[in-house]
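K.L.:
Chains as they are written, first to last, in the working numbering: chain A, 1 to 164; chain B, 1 to 279.
Derived from the structure by calculation, the hints contain no laboratory data.
Hints may be right or wrong, so weigh each one.
What the hints assert, rightly or not - One-sided excerpt, in silico: chain A residues whose CB lies under 8 Å from chain B: (1) D32; (2) F120; (3) E152; (4) A153.
Claimed, not checked - A few chain B positions that, by computed beta-carbon distances, are all more than 10 Å from chain A: (5) L13; (6) Q166; (7) M201.
Positions of the beta carbon are idealized from the N, C-alpha and C atoms, including for glycine.
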Amino acid sequence: MLRLLVLLVIVGGGVLQSTVVAVAGVGGITPDIPLILTVLIALRHGPESGCLAGFVAGLLQDATGGGLVGVQALTKGLAGFGMGLLVGRFWVSNPLVQVPGLVLLSIAEGLGRFLLLQMFHYPATFGDLMLHVILPQALYNGLIGTLCILAEASFELVGRRTWR
Amino acid sequence: MRVGRYGILLAVLLVSLLLLTVQTRGGGTGRAGELVTIAVTPVQSLLVRIHRGALNLWANYVDWKSVRRDNATLHEENEHLRVQAMQAGETREENARLRRLLVLRDRLPLATVAGEVIGREAGGWVRSLTVNRGRGDGIAQQTPVIVPDGLVGRVVQVHRAAAVIQLLNDPASTVGAVVQRTRTAGLVEGDAGGTVRFKFMARDGASVAPGDLVVTSGLGTLFPKGLPVGRVIKIEDKGSALFHFAILAPAVDFSRVEEVLLVTGQTTQDVATLFPSEG
């Protein structure tokens, strides 16, 4: 049941990314919702779920976005696995670690994607991509991640008050 | 049998690399990619409609709040009128867009298929649109895609009922083009920053100037001759370099494209006169 829910969240995130999120860009930059969801899933369910969630999310983005199918599946799978491994080793449950962690992971995922695409003669230069795509998107992801964490904390607070 | 965490990682790595290898050897994305798209396309269409509906609802709500202070009768009347006006305005805009598309379609000496945009990828790595027309509608790879303002891009992936269009400002996009006034030939390329550049031989392009219209060259059989691509806004003179670059303002505002024409036929005629030439 939980796995089905995780799958639904990931597929829903992928579809949102190509429809609603695509028109909510700031200066041509959109947040990577599937990556944010992958990180949240990895933080809560560990490296296996993070890896599978990242793989499915990336595959979906590859298939609908028009790029090489497998690139994002690989980088997001690795990102989910890596973030899942960190759970319990560092203070990843602390929001002050989660948000910068998400930004750094977004940059790492972008770098991984660039290196992988280099093997397929991707035409854009590293400097251009870093300046116009990877860094702005990582910051945008951090902002959305912060909102997610604040929303989660608010729900928990409301939940506790209701139970009292 | 329980698969270890590294087993899952290994499986993900192997499947991803296998998919990449199959594509680079010319195998395409195959049935797996197609199945994903078939499953996702109806959901994308539905979500786009819900999104547009939500925007309309929000606009209605804001209007409703602004007239709330009026008396009840006027308020009700006003609300009805505003909702109707908004719906009419929305319909009028849509009609105007579709009418322009239809006029172009009738004028063009080419077979075309109209399509609605159901998905967008604007993250920067890839810039594409997904439309609700695919193999079943006679769409093939490399089909040129246009709107009344000019060239949008080309189809790079075709599925049964959907197609992915590579936009002109995608980093991997290149289109053969000429400056309409001077006939200077060159290549229009996208880049990671989202701008569109016209690359031309320095010795041929001395008189290229801001304001010049760049249109498709028609060389090769892919794009019809004369489709507006963009206007020169700046020349980047690299001194003694072999090539110069002109930064273009694209003829089409890609973020506002909602309906497109997919050009399924071919012509050798210059179609530049069929497009508006303001600016």
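K.L.:
All the hints need checking, so say for each whether the structure fits it.
P.N.:
Okay, the hints, checked on the actual structure:
1. D32: Cβ of D32(A) sits 7 Å from chain B, so the hint holds.
2. F120: 6 Å, holds
3. E152: Result: violated, 23 Å to nearest chain B Cβ.
4. A153: Violated - the Cβ of A153(A) stays beyond 8 Å from chain B, reaching only about 26 Å at its closest.
5. L13: Check fails; 7 Å does not lie beyond 10 Å.
6. Q166: 6 Å, violated
7. M201: 20 Å, holds
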